[in-house]
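**Q** Listed below, chain by chain, are the residues.
There are 2 protein chains.
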Amino acid sequence: MKDQKMLMGFTLKHLLVLSLALNVGLISRVVYVGEKSVSGLCLENQDKKEAHDSKKSRLVTSTVSKELQNGGDGVIDLDHGDPTMYERFWHEMGEKSTFVIAGHQSISYFSDVRNLCWFLEPEFANSVVRLHKIVGNAITEDRHIVVGTGSTQLFQAVLYALSPPNASEPMSVVSAAPFYSLYPLLTDYLMSALYKWAGDAYEFSKDGPYIELVTSPNNPDGSTREPVVRRTKGLLVHDLAYYWPQYTPISFPADHDIMLFTVSKSTGHAGIRLGWALVKDREIAKKMTNFIELNTIGVSRDSQLRAAKILQAVSESYDYVGNSKETEPFFEYGYNIMAKRWKQLRAAVNKSKLFSLPDFPPGTCTFSGRTFESQPAFAWLKCEGEIEDCESFLRSHKIWTRGGKYFGVSSKYVRISTLSRDETFDLFTERLSAMELESP
Amino acid sequence: MKDQKMLMGFTLKHLLVLSLALNVGLISRVVYVGEKSVSGLCLENQDKKEAHDSKKSRLVTSTVSKELQNGGDGVIDLDHGDPTMYERFWHEMGEKSTFVIAGHQSISYFSDVRNLCWFLEPEFANSVVRLHKIVGNAITEDRHIVVGTGSTQLFQAVLYALSPPNASEPMSVVSAAPFYSLYPLLTDYLMSALYKWAGDAYEFSKDGPYIELVTSPNNPDGSTREPVVRRTKGLLVHDLAYYWPQYTPISFPADHDIMLFTVSKSTGHAGIRLGWALVKDREIAKKMTNFIELNTIGVSRDSQLRAAKILQAVSESYDYVGNSKETEPFFEYGYNIMAKRWKQLRAAVNKSKLFSLPDFPPGTCTFSGRTFESQPAFAWLKCEGEIEDCESFLRSHKIWTRGGKYFGVSSKYVRISTLSRDETFDLFTERLSAMELESP
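Chains as they are written, first to last, in our numbering: chain P, 1 to 440; chain D, 1001 to 1440.
So that you can see chain P by itself, here it is in the shape it has in the complex (with noise of 0.2 Å):
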């Protein structure tokens, strides 16, 4: 880890900006070429873009199965950790995962008045516990569930709930380097006088109130992770987005104060823009609960009685095992594929030379038995030698990645996506074990 902080010539300014940039572009997915961007936001993204892509003269978009279908060797998109992965698993399941909700059905606002979250709907809290209780992979007893309009959403909650409305100066807003690329620009893009970013959590060194973010396993290089400020005004906020089977062994039930998880990175469903805090201080998650009210008046009914459905039919997946081998349990289908993938990304990197990855120790999973090394949604690869730029160096064999300084590090890295289709991860490992350093 240490290794990779070399964030050197490069200000905090800079690194939002660009990150900004990066996101915005990125996360936009469409290149105008020949035409200014539009937004501020985006251009110098845009910019880098066009300059890449300055042989099209019109729109062109970066959907990979359109340009497989092109002849296979266009551009291979795997910025995001866009999880059409799963989309195999839940075509296969059928009718047991379809949802159906008539025209009348929650129109009003409310979901449970009763609770201290109303709009949180009973089955999918429900659906929650259970799932958790199956994996095993955290606490539920005693916590409030706080539901969001994915843990994007729920990040902002957080930060306004736990940065007092009447301090001096904003809350310091740390994450140990190499963070997660949009927890920069979530906290400063509205430019609130409540929380402001901070920077990388090994450098941070003002007295004072601090919130801190652990992200585990951490997004973008899988590694498993603790508090590094450990200061006793530090707030900790645990985003366990990706602590599920067949990411990494599950040790044990997380029991900390406040636990992110989603719906994106559990089950595969990110369109769905659901997830949900685990939280144990009754007044953290009722000021959760007032920003979403502000920021969305709620979460999509719609969308959370759907995401019960799925991680009702994940749970029943278990029902069955050892009785009938009609369905793979969903981690079991998740965890073969992730290891799969792995095996193939590590041989192509061994072949080329030109890259190296992260190892992971091995630990037991207490949920499926098994000694596995973490295999992550994302890999967080290294260029070696000359290579100063990974991701210019990948995007001119046209592989977009995000590079190393939008997660506060070093341009040698790079954030993959390991959660596309086969046919798009197949294609990358395909042209990343045949890549040598003087072509193209």
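Simulated from the structure, these hints should not be mistaken for laboratory data.
Beta carbons are placed, not taken as given, at the ideal position from N, Cα and C, and that holds for glycine.
Warning: the hint list may mix true and false statements.
Said to hold, decoys possible - Chain D is faced by these chain P residues, among others (derived, beta-carbon under 8 Å): (1) 87; (2) 186; (3) 299.
Unchecked claim - Lysine-lysine pairs mimicking DSSO-like chemistry, simulated, CA-CA at most 30 Å apart: (4) P:96 <-> D:1309; (5) D:1206 <-> D:1196; (6) D:1133 <-> D:1351; (7) D:1096 <-> P:96.
Using the hints, position chain D against chain P.
**A** Chain D only, in chain P's frame:
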């Protein structure tokens, strides 16, 4: 209108604190009696409620149906515009509006990578355009559609899009009183350096750029509105949530730069959390999209697909007009209920002699051909005579409303939802008509 602007001896700061308290507290609709309110934000309102409900010793909810089951003399909560009035229509429509989605559908974050708003579902966009064309209430040609998690999120997206990041001071945000009680809160809750609530547009005299919110028909008072400040540096946002033919005569297709609509007030599906903006300027649409990317990484695809089905059902209810009596067209249903309710409400007000309601000029609706007076989603009731605090007065009769001060005007006014279920509305008008100054 002018006589409603009676915000005397009441600073903006007070207003904001109170308004924040009211909204956050009331949105929660949960009253914990004998337990300290945990959120500083809703403390004031909680205290107020506690005083009113001091006889109750434990958790009580304001769910009207529950109260009605308990004998018909319970609390009538008309504080929120919860549009449960529409449940019956959708129940009667049956399967035509039932939404079905398989487990493998809309897994990806991305709805339409070719669209500037990459998280906009094409089906939803098409259903929006089709409905506006049928109703004739807004121009959709040469507009960008930006979808949001309710128009609440779109409102914040607009503030972000219109406020330059490098300005020397925050952009002023104004609206003519009485203004929607959430506007001040949504503008100021994150203490952003980008924008700041500047109060009643009638009293705004500061030089420089500003954003004016024009809500027409207006929430809370149902009036038809035009901009008030009318200076060159003004940026206008038209909130047209209630510009639908069940509430007001459609006089022309609105053709403003930025127009906001929401599913909750058009079809009644508040729990779906979905709104849309029609935006003329590409750069503004792009910045709004950027905001929603950061705020919630897009908008639930499930909600959009369900809303598409709902809006299509509304449009299709007009395909058979004249041919079949099978289904009453949607806006006919809405118009007829609203007409009945306003007649009933005006009769109750006339009977009690304690209150007055605004009058609306008759207009001819280009959609229905009918000439009628507006029949808004909220009644803007004034307590006449000696009653100075209309909200408290009604609360003493177990009718929960939202007082004028939260809308920037006198406490003699209250806003009352007219969109409840039939039995609640009947009970409300019955109680109102029997009201006398002395009791209780």
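**Q** Hints first: check each against the structure and report whether it holds.
**A** How the hints compare with the structure:
A least Cβ separation of about 5 Å between residue 87 of chain P and chain D falls short of the 8 Å threshold, and the interface hint therefore holds. The beta carbon of residue 186 of chain P comes within 6 Å of a beta carbon in chain D, closer than 8 Å, and the hint placing it at the interface holds. For residue 299 of chain P, the suggested interface contact is upheld, since its CB lies about 7 Å from the closest CB of chain D, less than 8 Å. For the hint pairing residue 96 of chain P with residue 1309 of chain D, the CA-to-CA distance comes to about 22 Å; that is within 30 Å, so the pair holds.
Taken as a hint, the residue 1206 of chain D and residue 1196 of chain D pair is honoured in the structure, with Cα atoms around 13 Å apart against an allowance of 30 Å. Between residue 1133 of chain D and residue 1351 of chain D the CA atoms are separated by roughly 42 Å; this puts the pair beyond 30 Å, and the hint is violated. Taken as a hint, the residue 1096 of chain D and residue 96 of chain P pair is honoured in the structure, with Cα atoms around 22 Å apart against an allowance of 30 Å.
Comparing the model with each numbered hint stated earlier shows that hint 6 is the single one that does not hold.
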